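Chemist: Just so you know, the sequences run in chain order H and B.
Numbering of the first sequence is given in our numbering, commencing with residue 595 and proceeding in unit increments.
Numbering of the second sequence is given in our numbering, commencing with residue 50 and proceeding in unit increments.
Some hints could be false.
As the list claims (entries may be wrong) - Calculated pairs, BS3-like style, for lysine-lysine (alpha carbon to alpha carbon, straight line, at most 30 Å):
hint: 1; chain 1: H; residue 1: Lys793; chain 2: H; residue 2: Lys610
hint: 2; chain 1: B; residue 1: Lys392; chain 2: B; residue 2: Lys66
hint: 3; chain 1: H; residue 1: Lys618; chain 2: H; residue 2: Lys735
hint: 4; chain 1: H; residue 1: Lys610; chain 2: H; residue 2: Lys690
hint: 5; chain 1: H; residue 1: Lys735; chain 2: H; residue 2: Lys788
hint: 6; chain 1: H; residue 1: Lys690; chain 2: H; residue 2: Lys788
hint: 7; chain 1: B; residue 1: Lys412; chain 2: H; residue 2: Lys788
hint: 8; chain 1: B; residue 1: Lys392; chain 2: H; residue 2: Lys749
hint: 9; chain 1: H; residue 1: Lys735; chain 2: H; residue 2: Lys610
hint: 10; chain 1: B; residue 1: Lys329; chain 2: B; residue 2: Lys362
hint: 11; chain 1: B; residue 1: Lys329; chain 2: B; residue 2: Lys161
hint: 12; chain 1: B; residue 1: Lys392; chain 2: H; residue 2: Lys788
hint: 13; chain 1: B; residue 1: Lys411; chain 2: H; residue 2: Lys749
hint: 14; chain 1: H; residue 1: Lys793; chain 2: H; residue 2: Lys618
hint: 15; chain 1: H; residue 1: Lys690; chain 2: H; residue 2: Lys793
hint: 16; chain 1: H; residue 1: Lys735; chain 2: H; residue 2: Lys749
hint: 17; chain 1: H; residue 1: Lys749; chain 2: H; residue 2: Lys733
hint: 18; chain 1: B; residue 1: Lys392; chain 2: H; residue 2: Lys690
hint: 19; chain 1: B; residue 1: Lys66; chain 2: H; residue 2: Lys690
hint: 20; chain 1: B; residue 1: Lys186; chain 2: B; residue 2: Lys116
hint: 21; chain 1: B; residue 1: Lys362; chain 2: H; residue 2: Lys735
hint: 22; chain 1: H; residue 1: Lys788; chain 2: B; residue 2: Lys411
hint: 23; chain 1: H; residue 1: Lys749; chain 2: B; residue 2: Lys412
hint: 24; chain 1: B; residue 1: Lys416; chain 2: H; residue 2: Lys749
hint: 25; chain 1: B; residue 1: Lys362; chain 2: H; residue 2: Lys733
hint: 26; chain 1: H; residue 1: Lys735; chain 2: H; residue 2: Lys793
Worth flagging that the hints you see were computed from the coordinates, not collected in a lab.
In this text, all values refer to a predicted model and were calculated from it rather than measured experimentally.
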Amino acid sequence: MSSAQNFGYLDEYAKKEVRRSALKAVAIPGYQVPYSSREMPMGRGFGTGGLQLTLSLIGPQETLKVIDQGSDDSVNAVNLRSFIEMTCPGIDTTTKTAAASLIQSRHRIPEQPLREDQIIVLQVPYPDPLVLVEPSEDKRKQMHGEMDYSRLLVKLYEDMVRFDEITISHRYPTRINGQYVLDPSPIPRWDVPKMNHAKALILFGAGREKKIYAVPPYTDAEPLVFSDVPFRVEDFTDEAGNRRACRICGCRSSFLDEYNDSRTGETVYQCSDADWCQEFSQSSDLNRGGSHE
Amino acid sequence: MGYVAIKGGGRAIAGTKDVFDHLRTRQGEAGTPLNTDTIEQQLRLLHSRVLSEGGVYAPQLASLALKQAQGDTLEAAFILRAYRSTQPRLTETPLLDTTKMRLTRRISAAFKDIPGGQMLGATTDYHLRMLRMELLKESPEEFRRISRDWFSSAAESDLPDSFPKVLDGLRRQGLLPQPDVAAAEREPFDITREPLIFPVPRSAALATMARAEQGSLLAIAYSNMRGYGDVHPTVAELRVGYLPVLLPHPITGELTEVGEVEMTECEVIAMYEDNADQSKAVFTLGYGACYGHNEVKAISMAILDRALQAGVKSGPRNPSEDPEFVLLHVDGIDSMGFCTHYKMPHYVTFQSDMDRLRTTQKKQTDKEQG
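Chain B on its own, in the form it takes in the complex (with noise of 0.2 Å):
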């Protein structure tokens, strides 16, 4: 004989497990699995929010994991970060020149005329918000139709290619900072092999903003934008499209290209301040950069980036420009574990909140009584 509080956990874990599964068959004998490729092209914002949010730039396995997790992105990240915890960092590549990207849009908000041209690519941002009644019953046929005659009468000079910076022209020009030549030969720090001590270096906040929760990092570079914060961006340059990532070749140690990585770059230009190295005051600047097609993401990231450096430079004077209180705030991961934790039973706990409360409520009515 025994005695155990709570019996039969394995069974009921395993319930959960089954029961989650079957709902995503709910659809019966007329549905067909989803195919990983499907998510990854058809739900192509939904992955990429995933792919920049999980950390690791796999994109099948980022449509496996929101797959898996029935379109949650919070857990599919999370299956994605998991799995990375399992796997040792073989290299490291060198710092890699986004001037090479293989641009599938690019656009400047402080320009007109910039050298190449604005390319609207694939935007949502001019869609009338209207339900498009005809997807409710897209044939095959018209979903094939789509896709051939895009190609077909897409000329070859509009096909994507690489454009320079929007920022060197204003650089040249002496309204930005001079690039930081130094920071560009520090070691970059390393989020996922040292935890966060504060104060910490820019590359530390950049690169824990690039994997952070798209919903928290946007709740936080608003509060700036509309008063707690006083960033006011100009988009200098946004652009989304093909990083081509090089690898010193094993051999050869020469630099060899290993495949590209589809990311989303944004850099903001903010009123100017003084600048103690400089004798004229200049524009200040602000970088956001993630995994896939997040432009929400960048943007808020590159305001985020800003306002962290003026915290760091003259104090934080609202959340948004304090270090910590954004960089240990934003990480998907991190929030979502410890909000659903609360799921957890605390029955201990709370047997000792229980005996303070009674306590005190004892010594209360003694006092009233005198």
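Just chain H, same shape as in the assembly (with noise of 0.2 Å):
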């Protein structure tokens, strides 16, 4: 069967299809373009929307990075990477994020800032921020159609008054070209603003829920607020209002993830983007001290 296959496993009417779903997506920002997903032959929610962006538009002069929570080396990232390598020969792929010209992400935009040559994919669990409020597409829709997003803003206000807080940690909803407010995908409220004037294209694939939608380079993409309570990203200062700094690169400006040394029973931090991580160690090795902004 392998030497039948065809080049990025799906038929060429499957990847034509899901070509012009996402230049219908490029052309209305932020709006969910239905496309008639095909089963891919890994788990629906392991990354099959994004999956089938990445197949029916890589080429084989390509450089390809897959990343999963920021990981290169994480089995569904690792698992990704090895099947769009079976399939697509002559494709080169990186861990380097300036190194790649598509880039396949689960939940992390990379904290290195993206070029104009770039596209990022980034695979969707829900791509509609509606069904926090409204279970029924067919209402959903209407209200896309109608902006209105009057139920996602008194769901923000309750949070306020029951919590005074929003409670929305991450997939924070976001008005796209002043328009359509999509879910970014289950990235970090961190990574948001990174979709803002981004120079690369931003592509969002929900596999199991069939749609694909985009975010253009130099597009507006404002996360849903009040006048009077701003957007903020996760907090990441200690007891003392220090910011935190990675254990491994000593990086004081990136997203970190938190865990226990099994040894000391501390709560220590660490990059989550693997490759910064990788980045900063080496040239603060070179250059003791330097800032990484």
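Relying on the hints, combine the two individually framed chains into one complex.
Modeler: What follows is the structure, encoded as structure tokens:
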């Protein structure tokens, strides 16, 4: 079977349809374009939407990076990357953000700012931010059409009343180009500002929910807020009010994962973006104390 | 030097594959590899289920998928579906006529005396569910004897044939709505080429249910049967058999039989209602059909078809009448994929969750302390 297998696994009609949907998504920023998502040989929810976009866009000269939770070496990233390598002979893969022309990611936008010649594909479990307040897709579609996000704003307001805080931790609803509000995939709030006027094209693929949408380069992307309640990213300051640093590379400007050191029992912090951490370790070795901004 | 959060993912993945495959051979030296024909023939109903949920009629590949998945129906159906994604569609059959089915079983719960008669065929419906201990040590000789004797004692007149549909008689008596001729001429909705955008036509609902997961269909149909709905179905006809598949001949264009697919088909009659198009009230109908021998699935599907039609007409009064609720939750591949994805790391989002909770707690503490 492998000898007869198509470049990019999917048959050509399927890939063409995905590309056409992606073009439409770019043309209408933030709009969820329905497409007939195919079953991929990995679980729905493991990145099949992103994978269909990647396989439809990738060509033999492309350099691909795949990340999951910021890491190139987590099992899902490894699995997706080796599947793409297997079905797309001739492509190059990399773990370096700067070297990639195409990046498929789950849950993170790299810390390293992206360039105009790069495309980032985000895997999406729930494409529609309105699902928080309305289960029927039919009704949600109408709400998007009328730009009726009032119930979402009411939810944010109710959060303030109950908890004094907006409780949405990740997949923060974001208005694109002053119009549609999209679900930016389960990226932390930390990554949301990176979508605003990004230089790279950001594509979103929801395989199970059969939707593709996009934030084109240089497009407004504003998290939903009230004028007196500013949008806040995750806070990594310690009790003394100092910004925590990554225990590996010392970076004080990245999104951190926290965990318990099993030997000391202490809570420790590390960069979530593995490539960033590695690059920073190297550059700080060369240039001790240097800033990494 | 360098650091990555989780190293060795590739080796770990290879390890999971190896140990999974090893468990297949746990019988050790005494074991014999499972023959795919054995799966198809001896685990007939398991095979049917996978064939139907896989959504592609490939009996041998369904057996292979079952062997590979070590009997997990959802996994096996999933493997078949993923294979399907690689296959281009070359042509389409015209509408196939199920009166032409070569039947192995057909019953009606609506009428005692149906044209052609009731034909029980192979069913477990009347089995006493007692363990047949003799099968623990079934000898090959005994196996062969059963195989041989059935054919030698079967009369030619007992061999499968096709029969008229039970509903045709009722239709002639004016008890049923007339067939929707216009619907038969409309292009059917192809769920493999178009996403479901609600409202969807009935053909989209039927196609979705035809490859739905049997347990999901049954659960939602059961909710309708026992209280969250009121489809009180009578099985007009349930048939199992082989349906000839016709394609235009590439040269002459004449319709030519290219093979047959085993199918289960069910038509249910439900309570009558006013009919806007006809002067008199008539019964309502529900339809179910799927690949293989899956009676519970076909009946559940027919009940849900009726429930969904009622929901579309008068607005859903319960989950089983809501097309979005039913059709977006019955696919086994979608639902099991999303369920298993929760085993994947969620470090980043959980970090973000903790940030929100800590901030909230801090604000609450500050408030308490005034």
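Chemist: So which of those numbered hints doesn't the model satisfy?
Modeler: Structure breaks no hint.
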